[in-house]
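Residue numbers (this note's numbering), protein chains in the order written: chain A, 2 to 405; chain B, 2 to 405.
Careful: at least some of the hints might be erroneous.
Since the list gives no way to pick one copy over another, a pair counts as held whenever it fits inside one copy or between any two copies.
Unchecked claim - No more than 20 Å apart at the CA atoms, straight line, and that leaves these computed lysine-lysine pairs for PhoX-like:
1) Lys125 - Lys178
2) Lys11 - Lys287
3) Lys47 - Lys312
4) Lys267 - Lys92
5) Lys270 - Lys11
6) Lys59 - Lys178
7) Lys59 - Lys287
8) Lys59 - Lys11
9) Lys267 - Lys47
10) Lys31 - Lys209
Rather than coming from a laboratory, the hints here were simulated on the basis of the structure. Treat the numbers as computed from the prediction; the structure is a model and nothing was measured.
Protein chains: 2
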Amino acid sequence: MVRINENYAKLPGSYLFSAIAKKVADFKEKHPGEQVISLGIGDVTKPLAPAIIEALHKAVDEMSAAETFHGYAPDLGYEFLRSAIAQNDYKDRGCDISADEIFVSDGAKCDSGNIQEIFALDNKIAVCDPVYPVYVDTNVMAGRTGAYNAEKENFDGVIYMPCTKENGFVPELPSEKPDIIYLCFPNNPTGSAITKSQLQEWVDYANKVGAVIIYDAAYEAYISQEEIPHSIYECEGARGCAIELRSFSKNAGFTGVRLGFTVVPKDLKCGEVSLHSLWARRHGTKYNGAPYIIQRAGEAVYSPEGKAQLKEQVAGYMENARAIYDGLKDAGYQVFGGLNAPYIWLRTPDGMTSWEFFDSLLARAHVVGTPGSGFGSCGEGYFRLTAFGTKENTLEALARIRRM
Amino acid sequence: MVRINENYAKLPGSYLFSAIAKKVADFKEKHPGEQVISLGIGDVTKPLAPAIIEALHKAVDEMSAAETFHGYAPDLGYEFLRSAIAQNDYKDRGCDISADEIFVSDGAKCDSGNIQEIFALDNKIAVCDPVYPVYVDTNVMAGRTGAYNAEKENFDGVIYMPCTKENGFVPELPSEKPDIIYLCFPNNPTGSAITKSQLQEWVDYANKVGAVIIYDAAYEAYISQEEIPHSIYECEGARGCAIELRSFSKNAGFTGVRLGFTVVPKDLKCGEVSLHSLWARRHGTKYNGAPYIIQRAGEAVYSPEGKAQLKEQVAGYMENARAIYDGLKDAGYQVFGGLNAPYIWLRTPDGMTSWEFFDSLLARAHVVGTPGSGFGSCGEGYFRLTAFGTKENTLEALARIRRM
Chain A
2 MVRINENYAK LPGSYLFSAI AKKVADFKEK HPGEQVISLG IGDVTKPLAP
52 AIIEALHKAV DEMSAAETFH GYAPDLGYEF LRSAIAQNDY KDRGCDISAD
102 EIFVSDGAKC DSGNIQEIFA LDNKIAVCDP VYPVYVDTNV MAGRTGAYNA
152 EKENFDGVIY MPCTKENGFV PELPSEKPDI IYLCFPNNPT GSAITKSQLQ
202 EWVDYANKVG AVIIYDAAYE AYISQEEIPH SIYECEGARG CAIELRSFSK
252 NAGFTGVRLG FTVVPKDLKC GEVSLHSLWA RRHGTKYNGA PYIIQRAGEA
302 VYSPEGKAQL KEQVAGYMEN ARAIYDGLKD AGYQVFGGLN APYIWLRTPD
352 GMTSWEFFDS LLARAHVVGT PGSGFGSCGE GYFRLTAFGT KENTLEALAR
402 IRRM
Chain B
2 MVRINENYAK LPGSYLFSAI AKKVADFKEK HPGEQVISLG IGDVTKPLAP
52 AIIEALHKAV DEMSAAETFH GYAPDLGYEF LRSAIAQNDY KDRGCDISAD
102 EIFVSDGAKC DSGNIQEIFA LDNKIAVCDP VYPVYVDTNV MAGRTGAYNA
152 EKENFDGVIY MPCTKENGFV PELPSEKPDI IYLCFPNNPT GSAITKSQLQ
202 EWVDYANKVG AVIIYDAAYE AYISQEEIPH SIYECEGARG CAIELRSFSK
252 NAGFTGVRLG FTVVPKDLKC GEVSLHSLWA RRHGTKYNGA PYIIQRAGEA
302 VYSPEGKAQL KEQVAGYMEN ARAIYDGLKD AGYQVFGGLN APYIWLRTPD
352 GMTSWEFFDS LLARAHVVGT PGSGFGSCGE GYFRLTAFGT KENTLEALAR
402 IRRM
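With the sequences and hints as input, model every part of the structure.
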C-alpha cells in the first residue's frame with residue numbers, strides 16, 4: 002500500500018504567491034472596473050532585448066535544418082555559454098572560477114530547491130528571517146526540518162537568523178552551529194546588500210565550522226555601489242565553502258525564458274567527496290539540460306550589444322526603485338532597500354500587520370504588493386514592493402499610495 | 002560540519018550514457034580517420050518540423066514587445082497547451098483526463114526522476130529488468146533502496162521484474178507486493194509493447210494491492226498496432242492508481258527543446274490525500290514552468306500541419322527500425338522490438354556479453370549501440386540499437402554490421 006511523503010503535510014497553507022494571486026483574483030471579480038497594479042511578484046515587464054531576440058531567431062533557424070539541429074545538450078550546459086559565464090561573471094571580476102565548474106540549468110528557483118538533495122538529511126540549515134520561501138520549503142519537503150510551529154511561525158530544527166532594521170538586514174553569525182547556510186544578497190525580500198567585508202566574515206565562519214554556504218546572487222546585476230560584491234568568490238576562501246546560484250531572470254528578463262546556473266568549485270569537498278561530482282551526478286541523472294535555443298539566448302546576454310541593452314534595461318528598473326523609495330520616504334514611510342536591489346522594503350504604517358496593509362493597499366489604492374510576514378516572522382510589519390513594473394504603472398501606483 | 006547524502010555512494014560507476022560517451026571518445030582519439038556511427042543514445046536527428054519552427058519564431062517575436070511579452074508561466078503550464086494535450090492525447094482517445102490534471106514540464110526524464118519525491122521513503126518500488134536507469138537511480142539517491150549488490154548487479158530492497166524473451170519482455174505480476182510500480186511501454190530499452198488487456202491486469206493489480214503505477218509513455222507515438230494502448234487511462238480504473246509521464250522528445254524531436262508533461266488524475270488518492278495536490282505543491286515550490294516559447298512549440302505539435310509533419314517524421318524513423326530489424330534478422334541475429342517502438346533489442350551473437358559486443362561493434366564496424374546489461378542484469382546478452390539515426394547512417398551501419 003503506497004504511502005505519501007508526510008513531510009509535505011508540515012507545510013502550512015499554500016505557497017505565498019498563490020495566496021496573493023487568489024486574493025487579487027477575488028478582488029478583481031468583485032470590482033471588475035478597477036485597474037489593479039501589481040508591484041507584488043518579482044516578475045519583469047520589459048520585453049527581451051533585441052540582441053537576445055536576434056539570438057533566439059538564429060538558434061530557431063538552426064533547429065530547422067539537419068546540419069545545424071541540436072538534440073540533447075551536454076549535461077553541464079554548452080561550452081559556449083559556460084565559457085561566456087566564466088569569463089564575464091567571474092574572471093573579469095577577478096574570481097577564479099572555470100567553465101567546468103558551472104552547471105547551466107533552467108533557473109535559480111529549481112537549483113535552489115534541488116541543491117539540498119546532495120546533502121544528508123540530518124544537516125542543520127540556517128536561513129535569514131525574512132527569507133525566500135523556497136529554501137525552507139524544499140528542506141521541509143525533504144524531511145530536513147521538524148514540525149511547523151504555528152505560534153512562532155517557523156519550523157522546528159531550523160536556525161533562523163533575524164534580519165532587522167537594527168542589523169541593516171544583514172544577519173549576525175548564529176549562536177547555534179549550522180551545517181548549511183543560505184544567504185541571498187542583494188536580498189530578496191528586503192532589498193538589502195552585504196559588503197565584501199561582511200561577506201568575508203561569513204566565508205571565514207563557514208570555513209571555520211565546516212559549513213557550506215548556498216549563496217543566491219540572483220540580483221547581482223542591480224548592485225550600484227562599489228563595495229558590494231557581485232559574487233561570493235570575490236571573498237578569500239570561498240572556493241572551499243560556497244556554492245553560488247545565479248539567474249538570468251532579473252538581469253536579462255528571462256522569467257519566462259528560464260535560464261540560470263550554479264557554480265560548484267572543484268575544491269569544495271566534504272571529507273574526500275567532491276560536491277562538484279555529487280551535483281554532476283544529480284544533474285546528469287535527473288536533468289536533461291536547458292534548451293539549445295535558450296542557451297544561445299543566454300550567450301547573447303554577454304555580447305557587447307546584449308550587455309549595453311541590458312544595462313539600460315536594469316537602469317530602467319532601478320529608476321522605478323528610486324522613484325518608489327524617494328516617493329514613499331517623502332510621504333512619511335520608513336523605507337529600505339532599492340539601492341542595490343530591485344526591491345523596496347517598507348515598514349507598514351500605523352502598526353498594521355503585513356496582511357492588513359496588503360488588504361488596505363488593494364482595497365484603497367488597488368495596488369498589490371507582498372506582505373513581509375509571508376517571508377518569515379521577522380518580516381511581520383514590513384511590506385515588499387518591486388521595481389519590475391512599467392514606469393507608468395509604478396508612478397501611478399506610487400501616486401495612489403501617496404493619496405491613501 | 003556538513004555531511005553529504007551518503008545514498009549517492011551506493012550508485013555504482015557513472016551513468017550508462019556517460020560511460021559509453023567516454024569509450025567512444027577514446028576510440029575516436031585513437032582512430033581519428035574512422036567515421037563512427039552512433040545508434041546508441043536515443044537522440045533524434047531530424048530537424049524540427051516547419052510548423053514548430055514557425056510557432057517558435059512567432060513566440061520569439063511576441064517576447065520582443067511589451068504588449069505580448071510573457072514572464073513567469075502559470076505553475077501547471079499554459080492553458081493553451083494543457084487543453085491541446087487533454088483534447089488530442091486523451092479525450093480523442095476516449096480517456097477521461099482534463100486539462101487541469103496535466104502538469105507541463107521540461108521533459109519526462111526530470112519528471113520520472115522527481116515524481117518519487119511525493120512518496121514516503123519506506124515505499125517499495127518495483128521496476129522492470131532491464132530498465133531505464135533513471136527510475137532506479139533517483140530512488141537510490143533518495144534513500145528508498147538498500148545497498149548495491151555487485152554480484153546480482155542490482156540494489157537490495159527493490160523488486161526487479163524480469164523481462165525476457167520468454168515473457169515477451171512484458172513482466173509478470175510480482176510475488177512480493179510493491180507500493181510503487183514503474184512501467185514503460187512501448188518499452189525502453191527492449192522496444193516491446195504491452196497490449197491493452199495485459200495493461201488492464203496491471204491496473205487491476207495496482208488497485209487491488211493499493212499500489213501506484215508510474216507509467217512512462219514517452220514512446221507512444223511509435224505504436225503501429227491497434228491493440229496497443231497509447232495511454233494507461235485507456236484501461237478501466239487507471240484514474241485511481243496511475244500517474245502517466247509523457248514527452249515531446251520522441252514524437253516531435255524535442256530532445257534539445259525540452260518539453261514533457263505528467264498526468265496526475267484528481268481522484269488518485271492515498272488515504273485522504275490527493276497526489277495531484279502533492280505534485281502541484283512540488284511543482285509550484287521547485288519549478289518555474291517551461292519557457293513560453295517552448296510551450297507554444299508544444300501547441301504546434303497538435304496543429305493540423307504539425308500533426309501531418311510529425312506523422313511523417315515518426316514514419317521515417319520507423320522505416321529505420323524496420324530496416325534494422327529485417328536486416329539483422331536476415332543476417333541471423335535474434336531481434337526484438339522495432340514494431341511499436343524506435344528501439345531494436347537484439348541477442349548478442351556467440352554468447353558474447355553485452356559489453357563485449359559493444360567493444361566488438363565499435364572496433365570492427367565503428368558502430369555505437371547500447372549494452373543491454375547497462376539497463377539491468379536481465380539485459381545481459383542483449384544490445385539496443387535505436388532508429389533515431391539518419392536513414393543514410395542507419396543503412397550504412399547495418400551494412401557494416403552485416404559484414405562483421
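Evaluated hints:
Taking the closest pair of Cα atoms, Lys125 and Lys178 come within 20 Å of each other only inside a single copy of the chain (8 Å); across copies the shortest separation is 36 Å, beyond that limit. For the identical chains of this complex, Lys11 and Lys287 are inter-copy neighbours only, at 16 Å across copies versus 25 Å inside a copy, given an alpha-carbon limit of 20 Å. Taking the shortest alpha-carbon separations for Lys47 and Lys312, only the intra-copy value of 13 Å comes in at or below 20 Å, while the best inter-copy value is 38 Å. For the identical chains of this complex, Lys267 and Lys92 are intra-copy neighbours only, at 16 Å inside a copy versus 50 Å across copies, given an alpha-carbon limit of 20 Å.
For the identical chains of this complex, Lys270 and Lys11 are inter-copy neighbours only, at 18 Å across copies versus 32 Å inside a copy, given an alpha-carbon limit of 20 Å. In this assembly of identical chains, Lys59 and Lys178 lie within 20 Å of each other by CA distance neither inside one copy nor across copies; the values are 51 Å within and 53 Å between. In this assembly of identical chains, the alpha carbons of Lys59 and Lys287 never lie at most 20 Å apart, being 29 Å within a copy and 31 Å across copies at closest. Taking the closest pair of Cα atoms, Lys59 and Lys11 never come within 20 Å of each other, the shortest separation being 47 Å inside a single copy and 44 Å across copies.
For the identical chains of this complex, Lys267 and Lys47 are neighbours neither inside a copy (37 Å) nor across copies (37 Å), given an alpha-carbon limit of 20 Å. Within a single copy, Lys31 and Lys209 get their C-alpha atoms no closer than 56 Å, and across copies no closer than 47 Å, so neither meets the 20 Å cut-off.
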